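J.: Spelled out, the chains give:
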Amino acid sequence: MPGAQSLAQQLAAKQREISVAEFFERNRQILGFDNPLRAVLTTVKEAVDNALDACEEARVLPEILVEISKEGPDRLKVAVGDNGPGIVKKQIPNVFARLLYGSRFHANRQSRGQQGIGISAAVLYAALTTARPTRITSKVPEEEAAHVVELLIDTQKNAPRVLSDELELWDRPQGTRVELVLKARYTRGRQSPFDYLKNTAIVNPHARIVLLEPDGTRITWERATTEVPPVPKEVPPHPYGLELGELGSRLKASSRATLGETLSKEFAGVTPRALRDIFARGHFSGKEAPDSLHSEDLERLLAVLHEVPLLPPSAESLSPIGPLLIKRGLRNVLGEIRPEFFAPPVSRPPKVRGGNPFVVEIGLVYGGGLPADQPMQLLRFANRVPLLFQQGACAITTAVGNLDWRRYGLDQKGGSGLPIGPCLLLVHLASTKVPFTSEAKEAVAEDPEIDKELTLSLQVVARHLRTHLSRRSRRDMAGEKFLIIQRILPQLAEKASRLAGKPVPDLTAVITKIMDVVAFEATAVAAANAGESALALEVTNYTPRPRVLELFLEMPLEAAASLHAEPAPDGTDAELGRAWWTLEKLPPSGRVKLLLRFPKAQEVEPGDLDWFVAGVDEAHLLGAEPLPGDWEVRLPRAIVEAAEGSGAEAAMSEGEPEVDYDGAEAHASLDEE
Amino acid sequence: MVRKPTPRSTKSSEIVLRAEALRPTIDLAKQVYQQLLDGEIPRMRLPLRTKQNITFQMREGVWRLGRAMGTRSARKQDGALMLLRTFCLVDFINEMAAENKTSTLRELYYISEGWKDGKFHSEDESNLLIEDLEVLCERLREDFRLHPEENGASVIGDLTLRERNRKGLVKTFNCRDDVGDGGYALPFNVEKEKIEFVKTGAKFIIAIECGGMVDRLAENGFDEENEALLLHLKGQPARSTRRFLKRLNEELKLPVVVFTDGDPWSFRIFASVAYGAIKTAHISHYLATPAAEFLGVTPSDIETYDLPSDKLTEQDVRALQAELTDPRFQTAEWRSEIELMLKNGKKAEQQSLAKYGLNYVTEKYLPEKLSDMGILTR
Ligand SMILES: Nc1ncnc2c1ncn2[C@@H]1O[C@H](COP(=O)(O)OP(=O)(O)OP(=O)(O)O)[C@@H](O)[C@H]1O
Ligand SMILES: [Mg+2]
Chain A
114 MPGAQSLAQQ LAAKQREISV AEFFERNRQI LGFDNPLRAV LTTVKEAVDN ALDACEEARV
174 LPEILVEISK EGPDRLKVAV GDNGPGIVKK QIPNVFARLL YGSRFHANRQ SRGQQGIGIS
234 AAVLYAALTT ARPTRITSKV PEEEAAHVVE LLIDTQKNAP RVLSDELELW DRPQGTRVEL
294 VLKARYTRGR QSPFDYLKNT AIVNPHARIV LLEPDGTRIT WERATTEVPP VPKEVPPHPY
354 GLELGELGSR LKASSRATLG ETLSKEFAGV TPRALRDIFA RGHFSGKEAP DSLHSEDLER
414 LLAVLHEVPL LPPSAESLSP IGPLLIKRGL RNVLGEIRPE FFAPPVSRPP KVRGGNPFVV
474 EIGLVYGGGL PADQPMQLLR FANRVPLLFQ QGACAITTAV GNLDWRRYGL DQKGGSGLPI
534 GPCLLLVHLA STKVPFTSEA KEAVAEDPEI DKELTLSLQV VARHLRTHLS RRSRRDMAGE
594 KFLIIQRILP QLAEKASRLA GKPVPDLTAV ITKIMDVVAF EATAVAAANA GESALALEVT
654 NYTPRPRVLE LFLEMPLEAA ASLHAEPAPD GTDAELGRAW WTLEKLPPSG RVKLLLRFPK
714 AQEVEPGDLD WFVAGVDEAH LLGAEPLPGD WEVRLPRAIV EAAEGSGAEA AMSEGEPEVD
774 YDGAEAHASL DEE
Chain B
119 MVRKPTPRST KSSEIVLRAE ALRPTIDLAK QVYQQLLDGE IPRMRLPLRT KQNITFQMRE
179 GVWRLGRAMG TRSARKQDGA LMLLRTFCLV DFINEMAAEN KTSTLRELYY ISEGWKDGKF
239 HSEDESNLLI EDLEVLCERL REDFRLHPEE NGASVIGDLT LRERNRKGLV KTFNCRDDVG
299 DGGYALPFNV EKEKIEFVKT GAKFIIAIEC GGMVDRLAEN GFDEENEALL LHLKGQPARS
359 TRRFLKRLNE ELKLPVVVFT DGDPWSFRIF ASVAYGAIKT AHISHYLATP AAEFLGVTPS
419 DIETYDLPSD KLTEQDVRAL QAELTDPRFQ TAEWRSEIEL MLKNGKKAEQ QSLAKYGLNY
479 VTEKYLPEKL SDMGILTR
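Residue numbers (the numbering used here), protein chains in the order written: chain A, 114 to 786; chain B, 119 to 496.
Among the hints, a few may not be true.
[To be verified] The calculated DMTMM-like cross-link candidates involving lysine to aspartate or glutamate, where the alpha carbons are at most 25 Å apart (straight line), are:
{"id": "1", "chain 1": "A", "residue 1": "615", "chain 2": "B", "residue 2": "145"}
{"id": "2", "chain 1": "B", "residue 1": "148", "chain 2": "A", "residue 2": "619"}
{"id": "3", "chain 1": "A", "residue 1": "615", "chain 2": "B", "residue 2": "235"}
{"id": "4", "chain 1": "A", "residue 1": "615", "chain 2": "B", "residue 2": "213"}
{"id": "5", "chain 1": "A", "residue 1": "615", "chain 2": "B", "residue 2": "158"}
{"id": "6", "chain 1": "B", "residue 1": "234", "chain 2": "A", "residue 2": "589"}
{"id": "7", "chain 1": "B", "residue 1": "194", "chain 2": "A", "residue 2": "634"}
{"id": "8", "chain 1": "B", "residue 1": "194", "chain 2": "A", "residue 2": "730"}
{"id": "9", "chain 1": "A", "residue 1": "346", "chain 2": "A", "residue 2": "562"}
{"id": "10", "chain 1": "A", "residue 1": "615", "chain 2": "B", "residue 2": "156"}
{"id": "11", "chain 1": "B", "residue 1": "234", "chain 2": "A", "residue 2": "607"}
{"id": "12", "chain 1": "A", "residue 1": "626", "chain 2": "B", "residue 2": "235"}
Derived from the structure by calculation, the hints contain no laboratory data. All figures in this text were calculated on a predicted structure; none of them were measured in a lab.
Work out the full structure: start from the sequences and follow the hints.
T.: Written out as structure tokens, the structure reads:
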């Protein structure tokens with residue numbers, strides 16, 4: 114009689130190992146294989162992430178080839194090849210056909226892969242939808258030939274089933290190529306492999322990536338730098354983030370003789386002084402064998418570890434992109450839309466949350482071919498991997514939306530949410546442990562520490578944007594004036610003089626009255642030697658009076674270190690990246706030229722230099738800003754006097770309150786009939 | 119009739135005309151030259167042509183430009199360009215005069231291709247500049263040898279006139295007996311040296327907005343039966359049409375009535391015929407016929423004659439509201455008519471009178487309206 118069975122017996126009848134296939138079916142969504150469009154993206158992503166991780170570890174410049182071709186009405190073949198270190202033959206089956214098998218789960222450093230699920234899930238999906246095996250070709254440098262392995266996952270046992278294993282000669286020293294046939298559909302556009310690879314190229318400027326699309330189109334993202342990013346160092350876990358189980362197993366596995374030795378050598382941040390503190394507060398001798406601690410002792414140890422002050426976690430375990438490469442990556446990939454402005458990227462110093470160091474980096478691009486009437490394009494990245502889904506649920510999006518962008522010159526409905534404007538924002542969060550909202554690694558979870566860093570760095574780039582926009586509007590106005598003085602006025606003078614029967618008079622005085630600015634124009638000039646950059650600055654006094662002024666240059670530190678200027682600056686400050694000149698007295702229409710060479714800095718551009726001026730007020734400056742009040746520099750007397758005189762100057766240029774005949778006001782009522 | 123061959127051009131008098139017409143521009147050039155010499159930003163002053171700056175001239179009975187002035191300065195790009203163009207245009211006019219040529223506005227627009235930065239970007243710009251020149255020199259564009267593409271307006275009725283054609287030959291003919299069904303097409307120049315009125319049997323002039331209505335009246339023999347001249351305005355009338363009408367009114371002492379659609383835009387046609395348009399307020403005394411009276415279709419006609427009507431659009435309503443603040447519509451009659459139209463929300467075309475048959479307009483509507491106005495007596 115079934116009713117007589119105990120509940121435990123009933124359950125026991127149902128208790129059995131869950132096969133990976135079933136696990137997969139239930140978790141399709143989390144694993145990123147819920148529909149044919151997404152399946153191809155996820156497959157490419159898992160293989161490319163692995164390839165980049167492997168190349169980085171091997172310190173080679175990644176060469177990645179992604180080939181996607183049609184294999185039937187609803188089938189695609191996806192092949193991803195790299196020039197990484199290769200995988201030894203013995204490990205190939207495990208890596209590709211065993212879920213939860215990987216090299217990074219236990220490693221405490223920044224990497225793309227974390228869980229040891231990625232590529233095996235793709236292999237499984239391929240097998241489930243097409244029953245076709247996955248073909249792996251891999252060569253390690255020390256062997257002559259490559260191994261070609263065809264395998265499937267035994268879905269009952271979560272174990273590899275190798276179908277064939279052959280040797281093949283390969284034309285390259287090392288690398289891995291995975292080839293899968295899966296049920297999938299290919300399109301370009303948002304959340305496509307194309308999108309994914311493009312964004313990957315931005316944050317991995319050291320990689321060269323080639324995509325072959327099913328219709329034969331070949332897209333190449335060339336690398337923008339030949340510097341391999343430093344390999345993030347594997348650091349011991351920091352006790353601040355530790356949980357009980359992990360502490361126990363770390364102590365058990367320790368080969369050290371005593372608890373004291375284990376704590377100071379196998380954990381980060383534990384100084385001798387902290388160690389004494391720990392022992393005193395937790396009543397340990399320090400001489401205990403590390404594997405002798407049991408539940409109560411362990412709990413007590415963990416509690417004091419969280420109490421005593423330790424050194425903060427080191428940032429060596431992180432691999433931030435850095436401001437220079439963020440800019441280069443953006444410029445390299447977005448070059449064709451010709452943005453008018455790349456804000457100096459922000460890369461904040463590392464901070465810590467829950468024992469894990471993290472870094473926030475932000476880049477912003479404005480104008481050019483970016484659509485002006487659409488919300489800002491937000492590119493989110495975690496550990497150099499693009500996040501293409503769940504934008505709305507991501508802490509990065511929240512932080513961007515919480516900033517009032519209207520104060521920085523963009524439209525934003527009600528002062529919150531994504532702003533509207535021709536703007537692209539790159540946000541990169543790097544951490545030894547990125548807090549994702551789910552295993553799908555699609556969105557960053559809310560965290561007060563991360564949010565604070567995000568907000569601070571967003572404000573910095575937004576301020577750069579505001580400065581750019583206000584400079585631009587002043588430049589537009591100046592452009593109009595240049596058109597007047599360079600083209601219209603000479604023609605006008607010629608005609609009027611001829612009608613009046615007189616020779617054309619000298620126009621200098623009129624020109625300075627129309628312009629009424631001191632103009633600073635920096636241009637790139639041909640460098641004398643390879644590997645250096647050269648710029649020229651022209652200062653023209655388009656005002657009706659002579660000018661004495663003090664000119665300050667602020668530049669990137671690496672540029673400041675190698676500045677050669679002609680005339681030589683009157684002073685420099687390498688630490689702040691500044692140089693300054695007292696310019697000779699400039700008469701109206703007078704002009705001086707400065708030549709700047711940077712023998713050791715290759716890519717200094719006019720936009721990298723900021724010019725500040727004392728002696729002329731803001732309204733009469735073009736291409737330079739007034740000297741910030743907080744610089745605390747002592748100015749020569751002549752300049753102080755000039756600055757004081759400029760109030761009267763502003764008052765003088767008033768007048769002519771009459772209606773502008775060609776202004777909108779006068780025309781408003783003309784067009785009705 | 120004696121045909122007297124006249125010389126093709128009177129060069130010397132042309133030069134006199136040119137020098138005189140353009141004298142203010144030469145003065146302007148001298149002024150700008152002096153400003154450049156003094157290191158001042160070139161500028162000129164012009165009366166503002168805005169609704170706020172037109173005033174009623176009691177003596178002439180028309181609306182003219184007031185005294186408010188604006189400054190055109192080379193400090194701004196638009197101003198600098200217009201100054202440059204002014205001199206380009208003066209140059210061009212001088213050239214035309216030397217070769218005894220005239221040009222259409224459209225041609226002028228293309229001529230400006232050769233003016234470097236002075237080139238016009240739209241015909242609006244060239245029109246504005248010519249109006250500026252008219253204001254500056256107190257002359258008409260015809261004096262500068264510029265004329266609109268075509269006039270399009272025509273006159274039908276017993277009017278004999280003498281026209282000097284472009285070969286210099288003089289022809290005399292009657293606008294009822296010597297012309298085709300289209301009537302006499304007005305040239306762009308309707309000044310005395312071109313057209314002289316010889317005689318007329320007409321008692322009044324009826325100026326009509328649409329061609330269809332002119333044809334209806336002509337076919338029904340309205341002009342002969344009632345001794346009327348029919349003038350086709352062709353929408354918003356060209357300057358020469360208005361000038362021609364003014365000459366008929368003043369020289370032949372003929373009363374003028376204006377017959378248009380019953381909508382806000384047609385009211386403006388009447389206003390520009392009778393009082394002058396804002397754009398041409400600087401020459402109202404030359405173009406406007408203050409004696410002209412509005413015949414209809416009035417908003418009350420729509421009710422009285424129960425005419426088929428359309429609903430006012432949003433633009434119509436806005437136009438009517440603008441008219442309520444327009445100094446030319448400030449009489450009690452106009453105000454109450456406009457308010458009536460706003461209240462009923464209806465407008466009607468003149469041809470909607472055909473509702474009662476093709477003869478209704480000539481047998482009933484016009485005779486009734488004209489006798490109310492004291493022009494016809496029956
Ligand atoms: N192209 C490759 N070259 C060298 N080693 C590789 C390559 N692809 C995978 N591996 C190795 O195989 C392991 C398993 O890869 P897998 O994608 O399954 O997991 P993961 O990358 O560690 O984590 P995640 O599930 O987050 O992707 C990796 O940790 C790495 O050691
Ligand atoms: Mg992986």
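J.: A separate judgement is required for each hint: does it hold in the structure or not?
T.: Evaluation of the provided hints:
Simply put, residue 615(A) and residue 145(B) have alpha-carbon atoms about 13 Å apart, close enough for the 25 Å limit, and the pair holds. Between residue 148(B) and residue 619(A) the alpha-carbon distance is near 16 Å, which keeps this suggested pair within the 25 Å criterion. The hinted pair formed by residue 615(A) and residue 235(B) meets the criterion: a straight-line CA distance of about 22 Å does not exceed 25 Å. The suggested pairing of residue 615(A) with residue 213(B) holds, with an alpha-carbon distance near 19 Å, which does not exceed 25 Å.
The straight-line distance between the Cα atoms of residue 615(A) and residue 158(B) is roughly 17 Å, inside the 25 Å bound, and the hint therefore holds. Between residue 234(B) and residue 589(A) the CA atoms are separated by roughly 22 Å; this keeps the pair inside 25 Å, and the hint holds. Our distance criterion of 25 Å between C-alpha atoms is met by residue 194(B) and residue 634(A), whose separation comes to about 22 Å. Annotation: proposed proximity of residue 194(B) to residue 730(A) holds, straight-line Cα distance about 22 Å (limit 25 Å).
Restraint check for residue 346(A) and residue 562(A): the C-alpha separation of about 23 Å stays at or below 25 Å, so the hint holds. Under the criterion of a C-alpha separation no larger than 25 Å, the hint pairing residue 615(A) with residue 156(B) is consistent with the structure, at around 14 Å. In summary, the hint linking residue 234(B) to residue 607(A) is supported, as the alpha carbons are separated by about 13 Å, within the 25 Å threshold. Proximity of residue 626(A) to residue 235(B) is assessed by CA-CA distance (about 21 Å); at most 25 Å being required, the pair is judged to hold.
When the structure is compared with the earlier hints, no violation turns up for any of them.
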